[in-house]
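Asks: Below, each chain spelled out in residue letters.
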Amino acid sequence: MSDRDRERPSPGSPAHAGPTFEELEAEPIIRREGSLYADAWRQLRRRPMFIISGILIVILALMAIWPGLFTRADPRACSLADSLLRPSGEHWFGTDVQGCDYYARTIWGARVSITIGVLVTACSTLIAMLLGSIAGYYGGWVDAVIARLTDIWFAIPTILGGIVILRSIFSTRGLLQVSLVLIVLGWPTMLRLVRSAVMATKEMDYVDAARALGVRPFRIIRRHILPNAIAPVIVYATITVGVIISAEAALSFLGVGLQLPAISWGLMISVAQNRILTAPHLLLFPGALLSVTVFSFILMGDALRDALDPRLR
Amino acid sequence: MATTLSRDAVAGRPVDPAAPLLAVEDLRVEFRIDAGTVRAVNGLSYTLGRGETVAILGESGSGKSVGAQAVMGIIDSPPGFVTGGSVRFRGVELLDLPEAERRRVRGNRMAMIFQDALTALNPVFPVGWQIAEMFRIHRGLPRKAAGEKAIELMERVKIPSARVRAGSYPHEFSGGMRQRVMIAMALSLDPEILIADEPTTALDVTVQAQIMSLLAELQQQTGMGLILITHDLGVVAEVADQVVVMYAGREVEKGPSLPVYHRPAHPYTLGLMDSLPRRDVHTERLRPIKGSPPDLLAIPPGCAFRPRCPYGREICAREEPPLAAVTSDRISACHFWEEVSRERAGA
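Just so you know, the sequences run in chain order A and B. Under our numbering, think of the first position of the first sequence as 7, with each following residue one higher. Under our numbering, think of the first position of the second sequence as 2, with each following residue one higher.
Treat the hints as calculated values from the structure; they're not laboratory data. Hints should not be assumed to be uniformly reliable.
To spell it out: a stretch of chain B is covered by chain A in this simulated footprint if at least three of its residues, at any positions, have a beta carbon under 8 Å from a beta carbon of chain A; those stretches are [claimed, not checked]: (1) 101-110; (2) 118-125; (3) 216-230; (4) 253-262; (5) 317-328.
Only part of the chain B face toward chain A is listed, based on derived beta-carbon distances under 10 Å [claimed, not checked]: (6) MET113; (7) PHE115; (8) PRO171; (9) SER189.
Backbone N, C-alpha and C define an ideal beta-carbon position, used for all residues, glycine too.
Next comes chain A alone, as it looks inside the complex (with noise of 0.2 Å):
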């Protein structure tokens, strides 16, 4: 930007003996418009759903990878003497039947979560961006086998394979295996789009001159085609990190998830079931928290697909 303002000459000065035709053709310069991502950015930055998202977001990040912002108290640290306690100035969210602090376990359970979330998208993407830029550039008979493997994947229901897969194959349950289980069911629909996607820009005709000018496959495939397809991806991986959280919290919750004494807000929400009418505090705050990651998630992934997608504006 810098650059650019001071190298552009001031009207006034020698260089400029009137403008010729070609100049006032430039001229535009001042009033810059920036790539899709900047025109997305300048969007975004004033758009409340953004605003309040990333906000919550960021709060969540942070609980996640600094838990002792929020929190002194020890998740693990519980006296049996002061089990189920109603909510108070000393426990904000009361005790749970072992007698630790909820507040605490429920901010700790914050990380498990959004590193499930985040982990499982990332992998995910990843693998459908590598399969499903090969399917979708290079077509016939490459694309034929990736995408009938896809649909038959695709048939497996999350929650139901997920079941089977965790009780017949994992002894322990932890985050990774949780994780592993999730990747491997939750690629094939970020696959299509990526696929779909990649077949739309191909038909470009800069990539078209690309080859026209001798660029491999792979360097067009990176340099042209996944910048330009990339836009619903970011959307769709953003919505997806709500999604896998609340379904590692539906796995946990039906007791095929991670195990105790991991601390999760599926595994507390389960707990929580059978005290319901006793102890209603511990399925709420479990719950609400869950609940306020997933809308945010899917908020910020709308808010994206409005910036991004020029069909939409």
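We have chain A; now place chain B onto it with these hints.
Replies: Just chain B now, with coordinates in the frame of chain A:
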């Protein structure tokens, strides 16, 4: 990747010093789609020498762009297939080269510019970056040096304040400036052949003239051969040495451009002339060619132009007209070329 390539070999094969820059012979391209086989190009031949300009003329769907894409080797396959003919670059057959070597020819030895530079430039990168990329991938230049070369090139195609504009995105340029960027990109590696696919169709008339004179000037500086694909007869007469008129995938008339322009020997060429407003002749009204080009899935037997042809007779429906020699360097694919060429005998 290789740094500076020897200009005396193509993909490791020595060039034939006596051969023309480019010789296309009986090129045939078809697209196999669900509805059948589209014969997009049915026998296209021409030669291009250093510093020469060959214009390929025809309306949409005549196969002129597909023919050029086949020369470049960028036809999507499937569904497109080059089914016959030969494309020899300085004597080296390109159609036989493996894809990796063909790719090395593209950009380095022959380059192409497209009709609409807005869609032919990548919208998410600044233009300077895009031009610089050519030097980075083909010549292995570091980022900074490549950027400097890009600015040099932008100056060479007369983009004002090039250093500033190198950071702008394609949609921030006017159509003419965008086409200049495209030309800069195509010329970055000093190709010996430039294929321009309707380079001025999307532009204003005044800008069209600027782009054509820029191309002519660059051609003079570099001695490159230019293949100009167009449907604009006016452009052809001004800049082309040779012209190939295509109809329904077939060449119907070919020869030095001025004689063809002044005295067409094929009814289709004549029709194109008559549908063009002219400054020198005050005709009361323009005469467009009636009807529309044939469906390439079902080209009628005999002469493809017959349904629209004012000279059409019974023989035309039966026999595909042979390529008749009008003069020693001109051919016409019409049974009645003599009659047609008398049309303008007085002009």
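Asks: Can you confirm whether chain A covers the segment 253-262 of chain B, using C-beta to C-beta distances below 8 Å and requiring at least three such residues?
Replies: violated (count 0)
Asks: Confirm or reject the coverage of the segment 216-230 of chain B by chain A under the rule of 3 or more residues with a beta carbon closer than 8 Å to the chain's beta carbons.
Replies: violated (count 0)
Asks: How about the segment 101-110 of chain B: do at least three of its residues have a C-beta closer than 8 Å to a C-beta of chain A?
Replies: Coverage by chain A holds for the segment 101-110 of chain B (6 residues, Cβ < 8 Å).
Asks: Given B:MET113 as an interface hint, is its Cβ closer than 10 Å to any Cβ of chain A?
Replies: At 4 Å from the nearest chain A Cβ, B:MET113 passes the 10 Å test, so the hint holds.
Asks: Examine the segment 317-328 of chain B: at least three residues should have C-beta closer than 8 Å to a C-beta of chain A.
Replies: violated (count 0)
Asks: With a C-beta cutoff of 8 Å, work out whether three or more residues of the segment 118-125 of chain B approach chain A closely enough for the coverage to hold.
Replies: Since three or more residues must qualify, the claim that chain A covers the segment 118-125 of chain B holds, with 6 doing so at under 8 Å.
Asks: May I ask you to test the interface hint for B:PHE115 with respect to chain A, counting a Cβ-Cβ separation under 10 Å as satisfied?
Replies: Holds. Min distance 5 Å.
Asks: For the hint on B:PRO171, just tell me whether its beta-carbon gets within less than 10 Å of chain A.
Replies: 9 Å, holds
Asks: Let me know if the C-beta of B:SER189 comes in closer than 10 Å to any C-beta of chain A, holds or violated.
Replies: 8 Å, holds
Hint compliance for this structure: hints 3, 4, 5 are broken, all remaining hints hold.
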